[in-house]
Each structure stands twice: as C-alpha cells, then as structure tokens.
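**Student:** My numbering runs 408 ahead of the 1-based position in the sequence shown.
Just so you know, the hints here were simulated from the structure itself, not pulled from any lab data.
In this text, all values refer to a predicted model and were calculated from it rather than measured experimentally.
Check each hint, because a few of them may be wrong.
[Unchecked claim] Derived DSBU-like pairs: lysine-lysine, alpha-carbon spacing no greater than 30 Å straight-line: (1) K714 to K615; (2) K414 to K758; (3) K585 to K445; (4) K689 to K473; (5) K743 to K410; (6) K414 to K615; (7) K524 to K440; (8) K615 to K700; (9) K445 to K523; (10) K582 to K524; (11) K714 to K700; (12) K689 to K700; (13) K758 to K743; (14) K496 to K445; (15) K554 to K743; (16) K721 to K582; (17) K615 to K718; (18) K496 to K440; (19) K432 to K414; (20) K689 to K714; (21) K718 to K585; (22) K582 to K473; (23) K432 to K445; (24) K581 to K721; (25) K410 to K554; (26) K743 to K615; (27) K582 to K445; (28) K414 to K743; (29) K445 to K721; (30) K718 to K700.
[To be verified] Across the chosen pairs, the derived CB separations fall in these ranges: (31) R465 to R518: 18 to 28 Å; (32) H489 to T614: 39 to 49 Å; (33) E534 to R465: 19 to 29 Å; (34) K700 to K522: 51 to 61 Å; (35) Q757 to E692: 37 to 47 Å; (36) A632 to D755: 27 to 37 Å; (37) N616 to K718: 17 to 27 Å; (38) R759 to R433: 36 to 46 Å; (39) K473 to E660: 17 to 27 Å; (40) G535 to L662: 46 to 56 Å.
Cβ coordinates follow ideal geometry from the N, Cα and C atoms, glycine included.
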Amino acid sequence: MKPEIKAMLGYLNSTQISLDHLLKRADHIISKLDSIKINSSTNIYFIGNGSSGEDARIAAFLSVKMLGILPHCSTPYSFTHGLIDALKPGDILVAISQTGTSHEVVESIRLANKKKALTIALTATEGSPVAIEAQTSYILSECVEKVDYKVTGVLGLLYGLWIVILGLAYHNKKITKNELSENLNEIESLNGRYDELVQVTTDWVTKNIEIFEKTRTLTVLGTADISETAMEFAIKSIEVQSRFSMAVETEEFLHGICAASPTDNLIIMLVDPRSEAYSQKVYESIRSRHQKVLWIGSNAPSEGLKLDIKASKYYTTAQLFPVVHACIITWAILKDYGDHGSEVFADYQKRLKVREE
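Work out the full structure: start from the sequences and follow the hints.
**Tutor:** In structure tokens:
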C-alpha cells in the first residue's frame with residue numbers, strides 16, 4: 409500500500425469520530441456570530457479552491473433556504489481579480505482553506521477587510537495566515553490531515569460552513585431555536601452513518617473492483633448539490649488512479665456530453681432519494697445506448713452499489729462523501745495506486761508558489 413493511501417485510509421477510519429467532536433462545538437461556533445447582521449442588501453461570498461470550493465457550492469443551497477441569499481461562490485483568484493469590485497461595506501466573505509496558507513485566499517480576506525466587509529475564516533490550521541487575517545476565525549483542528557489527498561477535511565469544513573449558515577440564520581431571526589436544533593441534530597445523525605456507509609462501499613468495491621479497473625476514463629454524474637460529490641469523485645480518481653475523469657450535473661450531461669462514448673469509459677451516477685425517479689430515466693437511456701454505467705446510491709439496480717441513503721432536504725452530501733472516498737481508497741489499495749498525483753501536485757505548488765507561510 410502506498411504511503412499516501414495508508415494515510416488516507418487512516419483518516420477515512422477516524423473521520424466519524426473526529427467530526428463528532430467538531431459537531432459538539434457547534435454552539436461555540438454559532439455564539440461568535442451574534443453580532444453579524446444581515447439585511448436585504450447584504451451579499452455573501454464563499455471563497456475556496458478544490459474541495460473547499462466544492463464545499464462552498466454545496467453550502468450555497470443551504471444559504472438560499474436558511475438566509476434567503478444566493479451566495480457568490482468563487483475561486484480566490486476570480487474574487488481578487490474581479491468580484492472584489494462588487495464588494496461593499498457590510499457584505500460577508502467566508503474563506504474556506506484547510507491549510508490556511510493559500511495566498512489568494514489570504515489576499516481575498518485582506519482586500520475584503522479594506523472594503524469594510526465582514527470576514528470569516530474556516531481552516532484546520534491554528535496560526536495560519538487565513539486565521540490571522542480574518543475578523544472571525546474558526547480553527548477546525550479535527551480537519552488537520554498530513555496528506556495531499558484530503559478526506560476528513562472535505563466533509564469537516566463543509567460541516568463548519570453549514571453551522572456558520574445556521575448560526576447566521578438563527579441570530580438574524582430567520583430560524584427559531586428549535587429549527588436550529590433540528591438541523592444540527594440531523595447533521596449529527598447523518599454523520600453517525602459514516603462508518604456504516606464506508607464499510608458497505610468497501611465490501612462492494614472489493615467484490616467488483618474490475619468494474620473500476622477496466623475503465624480508462626470516468627464520467628461522474630450528480631444532481632444539484634450532489635454534483636459536487638461527483639466532482640470530488642472525478643478529481644480524486646485523477647489524483648489517485650491517474651484516470652482522465654470529469655464531473656457533470658446529470659441534466660447537463662443530457663445536453664451534449666451524452667454524445668461522447670469513448671472506449672473504456674464508465675459513467676457513474678450518484679443518486680439520492682430526491683433524484684431517484686429522474687436518475688432512473690437517465691440510467692435507462694444510457695443503457696439503451698450500450699454505454700457502461702454504474703448506479704451508486706438509493707435503490708440501485710442489482711448490478712449497482714445499493715446504499716441506504718436517508719432522505720434529507722439539505723444534507724445528503726454528508727452521506728455521499730464517505731462513499732466516494734471509500735471507493736477511491738479501496739480501489740487504490742487493491743490495485744496499488746496513489747503516488748503519482750501527490751508528486752505532480754507538490755511540483756505545481758512549488759513552481760507557482762501558491763502557499764503563504
């Protein structure tokens with residue numbers, strides 16, 4: 409087993425307990441937001457790269473429901489070189505960075521501070537530049553990972569962002585105390601299923617590994633917020649398995665990409681109860697064209713990975729991230745993948761000097 413995969417496996421096996429600890433600090437996170445006021449002209453910006461960007465786009469759905477605000481989700485470079493001009497005093501910027509050292513994320517906070525916006529940082533790293541520069545910083549130490557291929561932090565930072573949104577909604581009287589508690593309890597309950605979902609997925613992949621191994625390219629589909637877990641699957645399979653992969657919103661797949669049918673491509677569909685009926689129609693259409701497709705999730709057919717995904721209005725991704733990571737890690741263990749992507753990633757980081765220590 410490659411060292412990188414051994415580390416990932418360790419984090420996979422400890423994530424549920426680690427994030428239980430994080431969720432127990434929700435009240436403390438929420439208490440620090442009591443002075444932040446939201447009005448009809450307030451804009452919110454979620455800033456993040458990679459999996460932090462995935463978290464931002466997932467959390468945007470909750471922001472719309474709880475705050476009535478569609479946040480601007482942006483890479484830090486796009487923010488510092490364009491969106492910053494739209495920022496006004498009293499707007500809220502939430503920067504998400506696991507290491508806390510991404511230069512453009514730090515610069516986003518600095519520029520937002522100069523324009524008298526309210527800045528919030530979510531990071532795993534105490535004393536990092538992101539934590540120092542933000543007006544309100546949350547150190548989610550449970551998300552510290554000493555490996556390039558992140559596992560715990562992907563979901564942990566999302567939990568932190570969900571809690572921040574719920575806290576802002578509560579302090580601005582968008583939701584009641586009971587509604588706040590109900591949402592936090594639901595997240596905690598879904599986190600309690602993490603290990604179970606990992607085990608079911610690991611067992612299935614072990615028995616069906618050749619479905620993955622025979623493919624040279626992957627197309628991963630998901631609807632709404634699940635499209636970001638599809639993105640996580642695609643990116644991790646590039647990093648770890650050196651597959652050429654892409655993630656597509658399921659509906660967008662039908663508007664052109666479905667016409668592509670490269671040899672040895674596998675279409676993976678991530679499905680939850682909300683998208684099951686629609687996904688069934690798409691699945692049947694793909695099969696009718698004799699394209700290889702794998703259903704992962706609710707009520708999968710006999711040849712798929714059937715999972716007991718609980719219905720959730722806002723938090724389904726808490727159940728799919730462990731599935732995605734278990735697929736990638738189990739595949740890497742069985743076929744000895746894992747070192748190439750880390751080396752390439754480190755080289756780019758060094759050449760481009762993206763870190764600010």
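**Student:** Determine for every hint whether it applies to the structure shown.
**Tutor:** Here's how the hints hold up against the structure:
1. Between the alpha carbons of K714 and K615 the distance comes to roughly 14 Å, so the proposed pair stays at or under 30 Å and holds.
2. Distance hint between K414 and K758 is fulfilled; the C-alpha atoms sit about 24 Å from each other, no more than 30 Å.
3. Distance hint between K585 and K445 is fulfilled; the C-alpha atoms sit about 17 Å from each other, no more than 30 Å.
4. Of the supplied pair hints, the one linking K689 and K473 holds, its CA atoms being roughly 28 Å apart against a limit of 30 Å.
5. Simply put, K743 and K410 have alpha-carbon atoms about 10 Å apart, close enough for the 30 Å limit, and the pair holds.
6. At most 30 Å may separate the alpha-carbon atoms for a hinted pair to count; K414 and K615 meet this at roughly 20 Å.
7. The hinted pair formed by K524 and K440 meets the criterion: a straight-line CA distance of about 18 Å does not exceed 30 Å.
8. The hinted pair formed by K615 and K700 meets the criterion: a straight-line CA distance of about 18 Å does not exceed 30 Å.
9. Between K445 and K523 the alpha-carbon distance is near 17 Å, which keeps this suggested pair within the 30 Å criterion.
10. As the CA atoms of K582 and K524 are separated by approximately 24 Å, the hinted pair is consistent with the 30 Å bound.
11. Between K714 and K700 the CA atoms are separated by roughly 17 Å; this keeps the pair inside 30 Å, and the hint holds.
12. Distance restraint check for K689 and K700: the Cα-Cα separation of roughly 15 Å lies within the 30 Å cut-off, and the hinted pair is therefore satisfied.
13. For the given pair, K758 sits about 29 Å from K743 by alpha-carbon distance, which is consistent with the 30 Å threshold.
14. Between K496 and K445, the direct Cα distance comes to roughly 14 Å. Compliance with the 30 Å bound is thereby established for this hinted pair.
15. Only pairs whose Cα atoms come within 30 Å are accepted, and K554 paired with K743 is accepted, the gap being roughly 23 Å.
16. Of the supplied pair hints, the one linking K721 and K582 holds, its CA atoms being roughly 17 Å apart against a limit of 30 Å.
17. Of the supplied pair hints, the one linking K615 and K718 holds, its CA atoms being roughly 24 Å apart against a limit of 30 Å.
18. Distance hint between K496 and K440 is fulfilled; the C-alpha atoms sit about 22 Å from each other, no more than 30 Å.
19. Distance restraint check for K432 and K414: the Cα-Cα separation of roughly 28 Å lies within the 30 Å cut-off, and the hinted pair is therefore satisfied.
20. Note on K689 and K714: the hinted pairing holds, with a Cα-Cα distance of about 17 Å set against a maximum of 30 Å.
21. Taking the CA atoms of K718 and K585, the gap is about 24 Å. The hint holds against a cut of 30 Å.
22. Restraint check: the Cα-Cα separation between K582 and K473 comes to about 10 Å, which is no more than 30 Å; the hinted pair holds.
23. Under the criterion of a C-alpha separation no larger than 30 Å, the hint pairing K432 with K445 is consistent with the structure, at around 25 Å.
24. Using a Cα cut-off of 30 Å, the hinted pair K581 and K721 holds, with the two alpha carbons roughly 21 Å apart.
25. Taking the CA atoms of K410 and K554, the gap is near 14 Å; set against the 30 Å cutoff, the hint holds.
26. About 13 Å separates the Cα atoms of K743 and K615, which keeps this hinted pair within 30 Å; it holds.
27. As the CA atoms of K582 and K445 are separated by approximately 11 Å, the hinted pair is consistent with the 30 Å bound.
28. A hinted pair counts as satisfied when its Cα atoms are at most 30 Å apart, and K414 with K743 qualifies at roughly 13 Å.
29. Restraint check: the Cα-Cα separation between K445 and K721 comes to about 26 Å, which is no more than 30 Å; the hinted pair holds.
30. Restraint check: the Cα-Cα separation between K718 and K700 comes to about 27 Å, which is no more than 30 Å; the hinted pair holds.
31. A beta carbon spacing of about 24 Å between R465 and R518 agrees with the range 18 to 28 Å that was offered as a hint.
32. Checked against the hint of 39 to 49 Å, the pair H489 and T614 passes, with Cβ atoms roughly 46 Å apart.
33. For E534 and R465, the hinted distance range of 19 to 29 Å is satisfied, since their beta carbons lie about 26 Å from each other.
34. Judged by the Cβ atoms, the range 51 to 61 Å given for K700 and K522 holds: they are separated by roughly 52 Å.
35. Taken as a hint, the range 37 to 47 Å holds for the pair Q757 and E692, whose Cβ atoms sit roughly 44 Å apart.
36. Against the hinted window of 27 to 37 Å, the Cβ-Cβ separation of A632 and D755 comes to about 35 Å, which satisfies the hint.
37. The hinted window of 17 to 27 Å between N616 and K718 holds, with their beta carbons roughly 24 Å apart.
38. At about 38 Å, the beta-carbon gap between R759 and R433 stays in the expected band of 36 to 46 Å.
39. At roughly 22 Å, the beta carbons of K473 and E660 sit within the given window of 17 to 27 Å.
40. Between G535 and L662 the CB atoms are about 48 Å apart, so this pair conforms to the stated range of 46 to 56 Å.
The earlier numbered hints are all upheld by this structure, with none contradicted.
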